[in-house]
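Go ahead and model the full structure; you've got the sequences and the hints to work with.
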Amino acid sequence: MNMPFYVAPEQVMKDRADYARKGIARGRALVAIRYDEGVAIVAENSSATLRKISEIYDRIGFAGVGRYNEYDQLRVAGVRAADLKGYQYSRDDVDARSLANLYAQHLGQVFTHEMKPMEVEILVAEVGQTSEGDQMFHVLYDGTVMDEQDFAALGGDTDAITERVKAGWSDGLDLAAAVRLGRSALAGEERTLDPADLEVAYLARGNGRRCFRRLSDGEVEPLTATATS
Amino acid sequence: MPMFLPNDDPGANFPALLRRTGLTETGPGGERFGGDIPHATTCVAVRFADGVIMAGDRRATSGNLISHRTMEKVVEADRHSAVAIAGAAGPAMEMIRVFQLQLEHYEKVEGSALSLEGKANQLSMMVRGNLQGAFAGLAVVPIFGGYDLRRETGRVWAYDVTGGRYEEREYVTTGSGSLHAGTVIKIGFRDDLDRSGVLALVAKALWEAADADSATGGPDALRGIYPVVATITADGFTPVADDELATTFESVAEEVRAR
Numbered sequence: 003m004n005m006p007f008y009v010a011p012e013q014v015m016k017d018r019a020d021y022a023r024k025g026i027a028r029g030r031a032l033v034a035i036r037y038d039e040g041v042a043i044v045a046e047n048s049s050a051t052l053r054k055i056s057e058i059y060d061r062i063g064f065a066g067v068g069r070y071n072e073y074d075q076l077r078v079a080g081v082r083a084a085d086l087k088g089y090q091y092s093r094d095d096v097d098a099r100s101l102a103n104l105y106a107q108h109l110g111q112v113f114t115h116e117m118k119p120m121e122v123e124i125l126v127a128e129v130g131q132t133s134e135g136d137q138m139f140h141v142l143y144d145g146t147v148m149d150e151q152d153f154a155a156l157g158g159d160t161d162a163i164t165e166r167v168k169a170g171w172s173d174g175l176d177l178a179a180a181v182r183l184g185r186s187a188l189a190g191e192e193r194t195l196d197p198a199d200l201e202v203a204y205l206a207r208g209n210g211r212r213c214f215r216r217l218s219d220g221e222v223e224p225l226t227a228t229a230t231s
Numbered sequence: 181m182p183m184f185l186p187n188d189d190p191g192a193n194f195p196a197l198l199r200r201t202g203l204t205e206t207g208p209g210g211e212r213f214g215g216d217i218p219h220a221t222t223c224v225a226v227r228f229a230d231g232v233i234m235a236g237d238r239r240a241t242s243g244n245l246i247s248h249r250t251m252e253k254v255v256e257a258d259r260h261s262a263v264a265i266a267g268a269a270g271p272a273m274e275m276i277r278v279f280q281l282q283l284e285h286y287e288k289v290e291g292s293a294l295s296l297e298g299k300a301n302q303l304s305m306m307v308r309g310n311l312q313g314a315f316a317g318l319a320v321v322p323i324f325g326g327y328d329l330r331r332e333t334g335r336v337w338a339y340d341v342t343g344g345r346y347e348e349r350e351y352v353t354t355g356s357g358s359l360h361a362g363t364v365i366k367i368g369f370r371d372d373l374d375r376s377g378v379l380a381l382v383a384k385a386l387w388e389a390a391d392a393d394s395a396t397g398g399p400d401a402l403r404g405i406y407p408v409v410a411t412i413t414a415d416g417f418t419p420v421a422d423d424e425l426a427t428t429f430e431s432v433a434e435e436v437r438a439r
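Line by line, the protein sequences are chains L and G.
For the first sequence, the working numbering begins at 3 and goes up steadily by one.
For the second sequence, the working numbering begins at 181 and goes up steadily by one.
Worth flagging that the hints you see were computed from the coordinates, not collected in a lab.
Incorrect hints may have been included.
As the list claims (entries may be wrong) - Part of the chain L face toward chain G, derived, beta carbon under 8 Å:
| hint | residue |
| --- | --- |
| 1 | ARG53 |
| 2 | GLU57 |
| 3 | VAL78 |
| 4 | ALA79 |
| 5 | ASP85 |
| 6 | LYS87 |
| 7 | TYR89 |
| 8 | GLN90 |
| 9 | LEU104 |
| 10 | ALA106 |
| 11 | MET117 |
Claimed, not checked - The following label-pair restraints were derived from C-beta to C-beta distances:
| hint | chain 1 | residue 1 | chain 2 | residue 2 | range |
| --- | --- | --- | --- | --- | --- |
| 12 | L | GLU221 | G | GLU297 | 26 to 32 Å |
| 13 | G | GLU297 | L | MET148 | 55 to 61 Å |
| 14 | L | GLN151 | G | LEU245 | 56 to 62 Å |
| 15 | L | THR132 | G | THR418 | 50 to 56 Å |
| 16 | L | GLY208 | G | ARG375 | 24 to 30 Å |
| 17 | L | GLU221 | G | VAL341 | 43 to 49 Å |
| 18 | G | GLU252 | L | LYS24 | 54 to 60 Å |
| 19 | L | TYR70 | G | THR204 | 29 to 35 Å |
| 20 | G | SER295 | L | GLY208 | 27 to 33 Å |
| 21 | G | GLY291 | L | ARG211 | 46 to 52 Å |
Quantities reported herein were computed from a predicted structural model and do not represent experimental measurements.
Note that the Cβ used here is the ideal one computed from N, Cα and C, for glycine as well.
Okay, here's the thing in structure tokens:
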């Protein structure tokens, strides 16, 4: 009988983490930035139909980077979990924290028990009744949850992107300034990103029951046009 | 996390998801239900150039008693459509809730809203799902209307208890007072009616229904309770304000006084 090779658990976890990280780093990044009326999310995405950012519930948005089929599966599961909870209890009982925990459980489970970890990082953002209530949860491929304060960067090259956002962020940005900041932080110094290369959406307190809105390329252009002036 | 294998995934169908997760109770069925439960009554929807106007009275009755004076039978299904119900109030309200959730759920999962025809068809399946309830005496019969963004026109549908779905060109009605309301609209309907013309017509229809049907409530100026009236146009679902309804019903009253 052949004995299976012994591989140290540390090595297994490290290999899986490296594998997931590599997959995530290959994709393009996105940033979420808190502004005066909510949370703006800017993603580098040249596709106008395969989306990275979407609506989960009245006040909750979702963004994912990495493998599209994997984060899209998580997105749909999130919409289902939220809609079921809202149906079973009340719309007010659906919150980002418990959803982020569900995601963390699932990703953690897949990371330790399945052949292949999910090559995704996701963000669950919620706008509160006031800006103090805004929340952003960043969930990693292995189920690690991070509670982000004012901004978050997901995907490849996030250290540099985070630095650039940090340099430009201040409390009380408006939507246009937040989108401009996101656009320039994603682009860096060497390149410029056209609205066609971006996917922009935001959650705003003033949008009525469903706070999520998507900005078309045509709407992004005038919003970011004043960047250089 | 509600996750499913690809071969048995409920897709964007919220009622199917409810069934899969065991959240739907088995509907009423079997023996005929003997008790008095609240019933809701007259609702109408009329097409006009800009879209649809839908209206419904506020009364719910249990047997010979008035159980609610402020029921809202005309509700926003989503931004560009509305649904109004007649029948057993409990199952009807639940149906509307699941219907609203289904439209939103589909939009979120698929990334785009259902077509108006798709929404009407979805509602048809939900009515059919209540067939057992209908046999038990808990029938729900909605009407549905909305603005079709692809065809750029208002459209209205009537249903029967078996889920039969009938698109009408002018107007649809439902409920115990629907015969009277429908007759008023049938006589007064013109292709060129504008918003205020249709508003006056539906007000008159509800007035006559309330006048002849004990289960339909009229405008209650004393308490300030008026029927729910809403327009559904390219701009979406907009409720008509109580002030405007008060004036409209006052002119109906004037006309009745002058008879």
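Now the hints, each set against the structure:
{"no.": "1", "hint": "ARG53", "in the structure": "holds, 7 Å"}
{"no.": "2", "hint": "GLU57", "in the structure": "holds, 5 Å"}
{"no.": "3", "hint": "VAL78", "in the structure": "holds, 6 Å"}
{"no.": "4", "hint": "ALA79", "in the structure": "holds, 5 Å"}
{"no.": "5", "hint": "ASP85", "in the structure": "holds, 5 Å"}
{"no.": "6", "hint": "LYS87", "in the structure": "violated, 10 Å"}
{"no.": "7", "hint": "TYR89", "in the structure": "holds, 6 Å"}
{"no.": "8", "hint": "GLN90", "in the structure": "holds, 6 Å"}
{"no.": "9", "hint": "LEU104", "in the structure": "holds, 5 Å"}
{"no.": "10", "hint": "ALA106", "in the structure": "violated, 10 Å"}
{"no.": "11", "hint": "MET117", "in the structure": "violated, 16 Å"}
{"no.": "12", "hint": "GLU221/L x GLU297/G: 26 to 32 Å", "in the structure": "holds, 29 Å"}
{"no.": "13", "hint": "GLU297/G x MET148/L: 55 to 61 Å", "in the structure": "violated, 45 Å"}
{"no.": "14", "hint": "GLN151/L x LEU245/G: 56 to 62 Å", "in the structure": "holds, 57 Å"}
{"no.": "15", "hint": "THR132/L x THR418/G: 50 to 56 Å", "in the structure": "violated, 29 Å"}
{"no.": "16", "hint": "GLY208/L x ARG375/G: 24 to 30 Å", "in the structure": "holds, 28 Å"}
{"no.": "17", "hint": "GLU221/L x VAL341/G: 43 to 49 Å", "in the structure": "holds, 46 Å"}
{"no.": "18", "hint": "GLU252/G x LYS24/L: 54 to 60 Å", "in the structure": "holds, 55 Å"}
{"no.": "19", "hint": "TYR70/L x THR204/G: 29 to 35 Å", "in the structure": "holds, 32 Å"}
{"no.": "20", "hint": "SER295/G x GLY208/L: 27 to 33 Å", "in the structure": "holds, 29 Å"}
{"no.": "21", "hint": "GLY291/G x ARG211/L: 46 to 52 Å", "in the structure": "violated, 19 Å"}
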